[in-house]
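Since chain L is already given, all that's left is putting chain A on it; use the hints.
Heads up: the protein sequence lines correspond to chains L and A, in order. Residue numbers for the first sequence follow our numbering, so the first one is 1 and each next one is one higher. Residue numbers for the second sequence follow our numbering, so the first one is 1 and each next one is one higher.
Derived from the structure by calculation, the hints contain no laboratory data. There may be inaccurate statements among the hints.
[Said to hold, decoys possible] Derived pair list, reagent style SDA-like, types lysine to any residue, alpha-carbon separation capped at 20 angstroms:
#1 L:K79 x L:L21
#2 A:K209 x L:R9
#3 A:K48 x A:G64
#4 A:K209 x A:K74
#5 L:K87 x L:E59
#6 A:K172 x L:D39
#7 A:K220 x L:D39
#8 L:K6 x A:D195
#9 A:K74 x A:F101
#10 A:K172 x L:E59
#11 L:K6 x A:A224
#12 A:K48 x A:H185
#13 L:K6 x A:I94
#14 L:K85 x L:R68
#15 L:K22 x L:G104
#16 L:K6 x A:E228
#17 A:K172 x A:K220
#18 A:K172 x L:G71
#19 A:K109 x L:Q42
#20 A:K172 x L:I78
#21 A:K209 x L:D8
#22 A:K130 x A:L85
#23 L:K57 x A:D212
#24 A:K220 x L:L5
#25 A:K73 x A:W88
#26 A:K172 x L:L21
#27 L:K57 x A:D195
#28 L:K57 x A:S216
#29 L:K33 x L:L5
What follows is each chain in one-letter form.
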Amino acid sequence: MPWDLKSDRPIYTQLIEQLELKICSGFYALGSKLPSVRDLAQEASVNPNTMQRALAKLEEDGLLYTNRTSGRFVTEDIKMIQKTKTKLAQEHIQEFLEKMKRLGFDRTDILNILAEMLEEAGK
Amino acid sequence: MNSILSCTNLSKAFGSTMALKNVNLEIARGRIVGLLGPNGSGKSTFIKICNELLTPTSGEIIIGGFKPGVETKKIVSYLPEKNYLNDWMKVSEIINFFKDFYADFNSEKAYDMLSRLNIRPESRLKTLSKGTKEKVQLILVMSREAQLYLLDEPIGGVDPAARNYILDTILKNYNEEATVILSTHLIADIEKILDDIIFLKDGQVVLQKTVDDIRSETGKSVDALFREVFKC
Chain L
1 MPWDLKSDRP
11 IYTQLIEQLE
21 LKICSGFYAL
31 GSKLPSVRDL
41 AQEASVNPNT
51 MQRALAKLEE
61 DGLLYTNRTS
71 GRFVTEDIKM
81 IQKTKTKLAQ
91 EHIQEFLEKM
101 KRLGFDRTDI
111 LNILAEMLEE
121 AGK
Chain A
1 MNSILSCTNL
11 SKAFGSTMAL
21 KNVNLEIARG
31 RIVGLLGPNG
41 SGKSTFIKIC
51 NELLTPTSGE
61 IIIGGFKPGV
71 ETKKIVSYLP
81 EKNYLNDWMK
91 VSEIINFFKD
101 FYADFNSEKA
111 YDMLSRLNIR
121 PESRLKTLSK
131 GTKEKVQLIL
141 VMSREAQLYL
151 LDEPIGGVDP
161 AARNYILDTI
171 LKNYNEEATV
181 ILSTHLIADI
191 EKILDDIIFL
201 KDGQVVLQKT
211 VDDIRSETGK
221 SVDALFREVF
231 KC
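The following block holds chain L by itself, in its conformation from the complex (with noise of 0.2 angstroms):
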């Protein structure tokens, strides 16, 4: 899973999103370990403070957890990664109803394309 950073955000905002997707999507397993800072940083070709920063808040939020001996590792609480799961979604839908919003798509118009689109896919 590639990082994939837009210049016009904060790097640091970006890399939480990208790490909770990594953590979400069972790339870090539950209550596997994380690579090193160092490494991580690397991985993403940034800053190592930057990273540094983003685990923190990570481990604030609960979804990371350091053990002071041997390193950071991916929660093992299952509940936590599906609340963090559905803040992802509500993020993303909230931003698709914003842009259809703009598009003069009202409350039935939406429904209805969802539904098309998904039946389509479904196929």
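Frame of chain L; chain A shown alone:
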């Protein structure tokens, strides 16, 4: 603040031209700092003063507690804008040379980086391409365990693929206690690895901020902001 470099009212005049005007800066340890500005804004002058290649007209600069001189050369690793290595020497001889010169030079690190870039230590420098010479020079500079790395245009002359390698090398080799200051015009390529940026304009500091502060306050990349501030 535990700063590695601080300068107060630093000015440098070349005849009637003021290359630096009352520059006041504090640069903390453990940061990667971009020194950015258009041509003739004073970037190289500043870096040369840090290395005692130039002396300030007025004001003061302190690096790791000392004025530029013998003591600071022990802790500052400098990549000049031009190649100063002896063309007739072999890469391995230059490594020995650096090892003799600098107590903090780590040859193992240098050989390791050379092998990853497929540069043979027994090659003579004059047989290498311009870009490869620049890589050798950067390897030498980054193989020191210095407290301050001053890199004057480290990615100017190399292709985009090698550019990424060089940025990786900088990220990999700097340690948390050391600070890297690098000057460049190629902002878009490097802004992801920077903590802070300093904008120089006509010899004066017009902005000193963290990259993420700039992005969240202006909604622009440093590159876009630079184009705006220095619009011709």
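Okay, the hints, checked on the actual structure:
no.: 1; hint: L:K79 x L:L21; in the structure: holds (15 angstroms)
no.: 2; hint: A:K209 x L:R9; in the structure: holds (15 angstroms)
no.: 3; hint: A:K48 x A:G64; in the structure: holds (16 angstroms)
no.: 4; hint: A:K209 x A:K74; in the structure: violated (29 angstroms)
no.: 5; hint: L:K87 x L:E59; in the structure: holds (17 angstroms)
no.: 6; hint: A:K172 x L:D39; in the structure: holds (9 angstroms)
no.: 7; hint: A:K220 x L:D39; in the structure: violated (27 angstroms)
no.: 8; hint: L:K6 x A:D195; in the structure: holds (16 angstroms)
no.: 9; hint: A:K74 x A:F101; in the structure: holds (10 angstroms)
no.: 10; hint: A:K172 x L:E59; in the structure: violated (24 angstroms)
no.: 11; hint: L:K6 x A:A224; in the structure: holds (13 angstroms)
no.: 12; hint: A:K48 x A:H185; in the structure: holds (18 angstroms)
no.: 13; hint: L:K6 x A:I94; in the structure: violated (41 angstroms)
no.: 14; hint: L:K85 x L:R68; in the structure: violated (27 angstroms)
no.: 15; hint: L:K22 x L:G104; in the structure: violated (34 angstroms)
no.: 16; hint: L:K6 x A:E228; in the structure: holds (19 angstroms)
no.: 17; hint: A:K172 x A:K220; in the structure: violated (27 angstroms)
no.: 18; hint: A:K172 x L:G71; in the structure: holds (19 angstroms)
no.: 19; hint: A:K109 x L:Q42; in the structure: holds (17 angstroms)
no.: 20; hint: A:K172 x L:I78; in the structure: violated (34 angstroms)
no.: 21; hint: A:K209 x L:D8; in the structure: holds (16 angstroms)
no.: 22; hint: A:K130 x A:L85; in the structure: holds (12 angstroms)
no.: 23; hint: L:K57 x A:D212; in the structure: holds (15 angstroms)
no.: 24; hint: A:K220 x L:L5; in the structure: holds (13 angstroms)
no.: 25; hint: A:K73 x A:W88; in the structure: violated (25 angstroms)
no.: 26; hint: A:K172 x L:L21; in the structure: violated (25 angstroms)
no.: 27; hint: L:K57 x A:D195; in the structure: holds (17 angstroms)
no.: 28; hint: L:K57 x A:S216; in the structure: holds (17 angstroms)
no.: 29; hint: L:K33 x L:L5; in the structure: violated (23 angstroms)
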